[in-house]
Amino acid sequence: MTDFTLQQIIYALVLGARWTVLLSLSAFILGGILGLVLMLGTISQRKWVKLPALGFIWLVQATPLLMQLFLIFFGPALFGKDVPAWMAACIALTLWSSAYLAEIWRGSVLAVQKGQTEAALSLAMLRGQALRYVVLPQAVRMALPPTAGFMVQIVKSTALASIVGFTELMKTGNILSNVTLDPFVVYGLVAIVYFCLCYPLSLVSRKMETVFDVTR
Amino acid sequence: MIQSFDFSALSDYSDVVRHGVYITLLLITVGAALGLAVSILCVWARLFCPAWVRIAVTSYVEFVRNTPFLIQLFFIFFGLPQLGVSMSEMTAAIVAMAINLGAYGTEIVRAGVQATAKGQWEAATSLGMTRNQAFWRVVLMPALQKMWPTLSSQIVIVMMGSAVVSQIAVQDLTFAANFIQSRTFRAFEIYFVVTAIYIVLAALVRLALRLIGRWVLATGEVP
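If you're matching them up, the sequences are chains A and B in order. Just so we're aligned, residue 0 is where the first sequence starts under numbering that gives the first Met the number 0, counting upward by one. Just so we're aligned, residue 0 is where the second sequence starts under numbering that gives the first Met the number 0, counting upward by one.
Keep in mind the hints are simulated off the structure, nothing from the lab. Note that this is a predicted model, so its numbers are computed, not measured. Beta carbons: idealized from backbone N, C-alpha and C, even for Gly. Some hints could be false.
Listed next, with one range per pair, are the computed distances between beta-carbon atoms [what the hints assert, rightly or not]:
1. B:Val52 <-> A:Leu180: 33 to 41 Å
2. A:Arg140 <-> B:Val52: 53 to 61 Å
3. A:Leu125 <-> B:Ser125: 54 to 62 Å
4. B:Leu40 <-> A:Val184: 37 to 45 Å
5. A:Gly127 <-> B:Asn131: 52 to 60 Å
6. A:Gln7 <-> B:Gln132: 54 to 62 Å
7. A:Pro136 <-> B:Arg182: 36 to 44 Å
8. A:Ala76 <-> B:Ala168: 29 to 37 Å
9. A:Cys195 <-> B:Trp51: 54 to 62 Å
10. B:Phe47 <-> A:Gly114: 38 to 46 Å
Simulated pairs of lysine-lysine, BS3-like, Cα-Cα distance not exceeding 30 Å [said to hold, decoys possible]:
11. B:Lys145 <-> B:Lys117
12. A:Lys113 <-> B:Lys117
13. A:Lys113 <-> A:Lys206
14. A:Lys113 <-> A:Lys49
15. A:Lys46 <-> B:Lys117
16. A:Lys113 <-> A:Lys46
17. A:Lys206 <-> B:Lys117
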């Protein structure tokens, strides 16, 4: 059995944290793109666009992320397909964050929409133009703080990827804890690294709440 | 190779699933009750305790809100025994859920207390109550009533999050799913059905919380 110094443990954890950051970023970016499409779907006037989008958001929010992850990781075996852990984690987190982001953005858009859209339409703007030039610029201000807040949720949720065997921060912690037999120190350090990743985002979110205070 | 769906394997394991449902509901019931108690105590401590306690409470809230539930669970179950605090996996899961919900609940209840009109505090103290009495007898109930929907959502979120307690071998619903999956290799069908059960459970918990809100907190009567 090898002995690890504290520096070596921290170094390994930071290396693992890179994958946590990468996974969080890809889930946020891909989830954001899909979330935008979903959000536009939910404010559509066409029922056949609106209902599936709303249904998808409801379904994702009503089920545990771990189950979604397992379905994506183990499910395709039914068709003889093997999904690698990183891909399953990325797909599950993307779908999951798209639903929540769509819900956050939908809330912001609906909060500005009514009178503003009517005013824009009465100025002979098209619906798309009204959305693009009138509603969205205001909605973005409102949506920024909760979006930053949700990024914290994404970073925390990437820990679930360790369960299907993706070696990010949490999994690195598991391995180190098994090797060093010192779970108190290792898991304590893992928690601190997560905190260092998440807390700045929380602060940014809180700061933006006061900067973009729309209730003024 | 495309196989057909086969749900029949599941029926052989209905006992395992039923036990999993029972454990998941037990966890969320005890965890939510303890978590709410922790939230209320923390809000009280932030109002009435000396500065070092308030700082400790704030640090607790911030730390829990900015770390994953999974690491909190592992730290409690694997880390704490090194300090001589050993728990069974059920206790560890309940403690972790209570600590997790407690942190989020503190923020929610605090928002409710802050939203209570200043006049309420003043009216209570002018009746000769101390501020402490005013908190417990006047301010707390309306704060809980006002925030009950938010608290309910948070409890459901914690229940969804509790799926990971299967990782420390608590035999909850997810554990049942993994167990059956390892026996039958019918992954898709099992996770599909268990996910559906989670949807039903979430709806049931939501309904129960709404009834509790109506009966215990009389939420329906607040304008």
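Against the structure, the hints come out as follows:
{"no.": "1", "hint": "B:Val52 <-> A:Leu180: 33 to 41 Å", "result": "holds, 35 Å"}
{"no.": "2", "hint": "A:Arg140 <-> B:Val52: 53 to 61 Å", "result": "violated, 37 Å"}
{"no.": "3", "hint": "A:Leu125 <-> B:Ser125: 54 to 62 Å", "result": "holds, 60 Å"}
{"no.": "4", "hint": "B:Leu40 <-> A:Val184: 37 to 45 Å", "result": "violated, 29 Å"}
{"no.": "5", "hint": "A:Gly127 <-> B:Asn131: 52 to 60 Å", "result": "holds, 58 Å"}
{"no.": "6", "hint": "A:Gln7 <-> B:Gln132: 54 to 62 Å", "result": "holds, 56 Å"}
{"no.": "7", "hint": "A:Pro136 <-> B:Arg182: 36 to 44 Å", "result": "violated, 56 Å"}
{"no.": "8", "hint": "A:Ala76 <-> B:Ala168: 29 to 37 Å", "result": "violated, 24 Å"}
{"no.": "9", "hint": "A:Cys195 <-> B:Trp51: 54 to 62 Å", "result": "violated, 24 Å"}
{"no.": "10", "hint": "B:Phe47 <-> A:Gly114: 38 to 46 Å", "result": "holds, 45 Å"}
{"no.": "11", "hint": "B:Lys145 <-> B:Lys117", "result": "holds, 16 Å"}
{"no.": "12", "hint": "A:Lys113 <-> B:Lys117", "result": "violated, 34 Å"}
{"no.": "13", "hint": "A:Lys113 <-> A:Lys206", "result": "holds, 28 Å"}
{"no.": "14", "hint": "A:Lys113 <-> A:Lys49", "result": "holds, 18 Å"}
{"no.": "15", "hint": "A:Lys46 <-> B:Lys117", "result": "violated, 46 Å"}
{"no.": "16", "hint": "A:Lys113 <-> A:Lys46", "result": "holds, 19 Å"}
{"no.": "17", "hint": "A:Lys206 <-> B:Lys117", "result": "holds, 26 Å"}
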